[in-house]
Amino acid sequence: MSAGAGVVELDGVSRWFGDTVALSDVSFALGAGVTGLLGHNGAGKSTVLSLLAGSVRPSQGRVRVLGGDPHAEPGVHRALGVVPDGEGTWAHASAHAQVAFLARQRGVRDPGRAAAAVLERVGLAEAAHRRVGGFSKGMRQRVRLAQALVHDPQVLLLDEPFNGLDPAQRRADVDLVAALGAEGRTVLVSSHVLGEVERMASRVLVVVNGRLVAEGEPAAIRDLLVDRPRSVHLDGPRVLELAGLLLAEGVVDAVQRDPAGRGGVLVQAPRATALAEAVPQLARRAGATLRRVDPVGEDLESTFAHLVRRARGAGR
Amino acid sequence: MSAPSTRPQEQPQEQPPGRREQGQRARRAPGAPPRAGFGTTLFGFSLGAVLLRGRTAGLAALPLVVAAVAVVVLVLTSVPARYGLQTTLAGDLLIGLVVPIVALVLGTGAFGDEREGGTLPLLRSLSRPRWHVVVARAAAAWVSTVVVCLPAAAAAVVLGVSVNLPAGDVVAGVALATVLTSAAYCGLFVLLSLLARRGLLAGLAYVVLWETFLAGLAPALRGLSIGSYGRRVVTLATPGDVPLGTVAASGTLTSALVLAAVAVVAVVLASWRLQRTDLTSGGA
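From first to last, the protein sequence lines stand for chains A and B. Just so we're aligned: 93 in the working numbering is position 93 of the first sequence, and the numbers increase by one with no gaps anywhere. Just so we're aligned: 1049 in the working numbering is position 49 of the second sequence, and the numbers increase by one with no gaps anywhere.
These aren't lab readings, by the way, just hints derived from the structure by calculation. Just to be clear, a hint being listed does not mean it is correct.
Unchecked claim - Which residues of chain A face chain B? A few of them, derived with a C-beta cut under 8 angstroms, are:
#  : residue
1  : P58
2  : P74
3  : E87
4  : H92
5  : F101
6  : R106
7  : R199
8  : S202
9  : G250
10 : V251
11 : A254
Said to hold, decoys possible - So, partial list: chain B residues that the calculated Cβ filter (under 10 angstroms) puts toward chain A:
#  : residue
12 : G1039
13 : V1079
14 : E1116
15 : P1129
16 : H1132
17 : T1246
Cβ coordinates follow ideal geometry from the N, Cα and C atoms, glycine included.
All chains should be modelled from the sequences, with the hints used to inform the complete structure.
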């Protein structure tokens, strides 16, 4: 774990809403730098961030941010910046007014200047004095980021802060978050896009169905996600010969005609990376020309389901 | 957006927390950002959040209609005929309808709009006690309600004075009743907005069913009606002529104290609620 671990801590935390278990016995501690919180929709990412932001209390376990309880102690928020789930801007006020308001209420000495500086940093200097109600979604996301940053917090909790941004804005904001981590802040940012998280985080937590199923460096998490059993649809001339070779070499353990009726075959590979490495070489040997190589079941749900099975089978 | 090169407002962060608000005023260069003013105080921002909504303009029409009714009464009726109408306008229209409806919309909006807009977590993320937030919001709703109701209150005063009632008593009665009834209703509806997701609907049911109908059915029920205490205070100038079916049995001073107490208790409970409540992604 990185130096300064323990700035943000969840210790045996569970949270349920009625009969629904949103989070189950989750523990981790974070230090300086950017940590990605990865999971599909409904996995429990927002619950983790809400607990750390003090918006909800744990049903069981302990939450600490900078040694304090963010739900019970308002003073913690002096050093805590949050981009919560949802809209989170005041439409009636200008960007500068609402960011300055939050700065003042979090103890910043010169809130007007702080608001102007942070709005410039997120690229809203020109629009700072316009009503936020007239902003595009991307601009409102920038306002939310400015709200979280204006009091120069040591800890930042960002719940899917790039939603609604176009690709160029996403890249810029990923760079911004990476820079915030490089400045020594503790940043926890949720996303369901691993590629995005990889670009800014030095560590990734994976939450599935309310459980923390994996944690580690982004490269290790990618290996976990990529190198798993996978079904692949292959099509093209002499694809049956290729399938025979794949079966004979033990790269796949089952071959069937494509059940979706698209032609070609569906192969079941126990290790996706082994299949990716073998296909070009064996296709040459079989004289096959592939028109289609489509992984099947590539949605995040199935990817994370694999992680759940893995966590249950071998422990985290 | 260019890559960030500097941390925002490093100077404030370097101040010890206890000294941040006490720092000396820095010299401001020409073209420097405007100093954060009243709008960034908790009350000032709350006032903007409550008042600067599209619905406030529509809401302001209600007291204006009451004022227009008063003008019609003034023009078309004689003084004796007007005597009973002024009590109806002050007691039934101003205190019985305009104040509760305006307070309902602005009071439930004080936190209901924040929940709808997803900004309630931001109000919980201020580094000051959460009861400050509730007091500021309730005060903003209260002041806004009084301001929006002013045309109707002014009409009640003009009508009262026009039938030769003592001007001092008329002004005191209408002003006290408007201010105190607004405070009680606002406190109640702010609390309701933190207790129920559909605070506006619940409050509307309360006003229509309880305040205007059920509470008038029996004397014992009047003691549980905010409006009945308000009507007792508003008829300060005409204590013997009030329609007894809708007025609290207590005296004017007691009624005023009850209204103030309702406001205080509601704000205390709302503060407790905001401190204790969990804000899920959909709100409180």
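*Would you settle whether the hint for A:E87 is holds or violated, based on the nearest Cβ-Cβ distance to chain B being less than 8 angstroms?*
holds (4 angstroms)
*Classify the hint on A:A254 as holds or violated, based on whether any CB of chain B lies nearer than 8 angstroms to its CB.*
violated (42 angstroms)
_Less than 8 angstroms between beta-carbons is the criterion; does A:R106 satisfy it with respect to chain B?_
Where the cut-off is 8 angstroms and the nearest Cβ of chain B is about 5 angstroms from A:R106, the hint holds.
*Verify the interface restraint on B:T1246: the C-beta must sit less than 10 angstroms from at least one C-beta of chain A.*
violated (37 angstroms)
*For the hint on A:G250, just tell me whether its beta-carbon gets within less than 8 angstroms of chain B.*
Cβ of A:G250 sits 47 angstroms from chain B, so the hint is violated.
*May I ask you to test the interface hint for A:F101 with respect to chain B, counting a Cβ-Cβ separation under 8 angstroms as satisfied?*
holds (4 angstroms)
*asked:* Quick check on the hint: B:E1116 CB to chain A CB, less than 10 angstroms?
replied: With a minimum Cβ separation of about 9 angstroms from chain A (threshold 10 angstroms), the hint on B:E1116 holds.
*If you take the shortest Cβ to Cβ gap from A:S202 to chain B, is it below 8 angstroms?*
violated (18 angstroms)
_Hinted contact A:R199 with chain B - closest CB pair below 8 angstroms_ = violated (13 angstroms)
*Any CB of chain B closer than 8 angstroms to the CB of A:H92?*
OK, holds: A:H92 within 8 angstroms of chain B, min 4 angstroms.
_Interface hint for B:V1079, Cβ within 10 angstroms of any Cβ on chain A_ = This hint is violated: B:V1079 lies away from chain A, its Cβ roughly 46 angstroms from the closest one there, beyond 10 angstroms.
*asked:* For the restraint on B:H1132, tell me whether the closest CB of chain A is nearer than 10 angstroms.
replied: holds (9 angstroms)
When each numbered hint is compared with the structure, violations occur for hints 1, 7, 8, 9, 10, 11, 13, 17.
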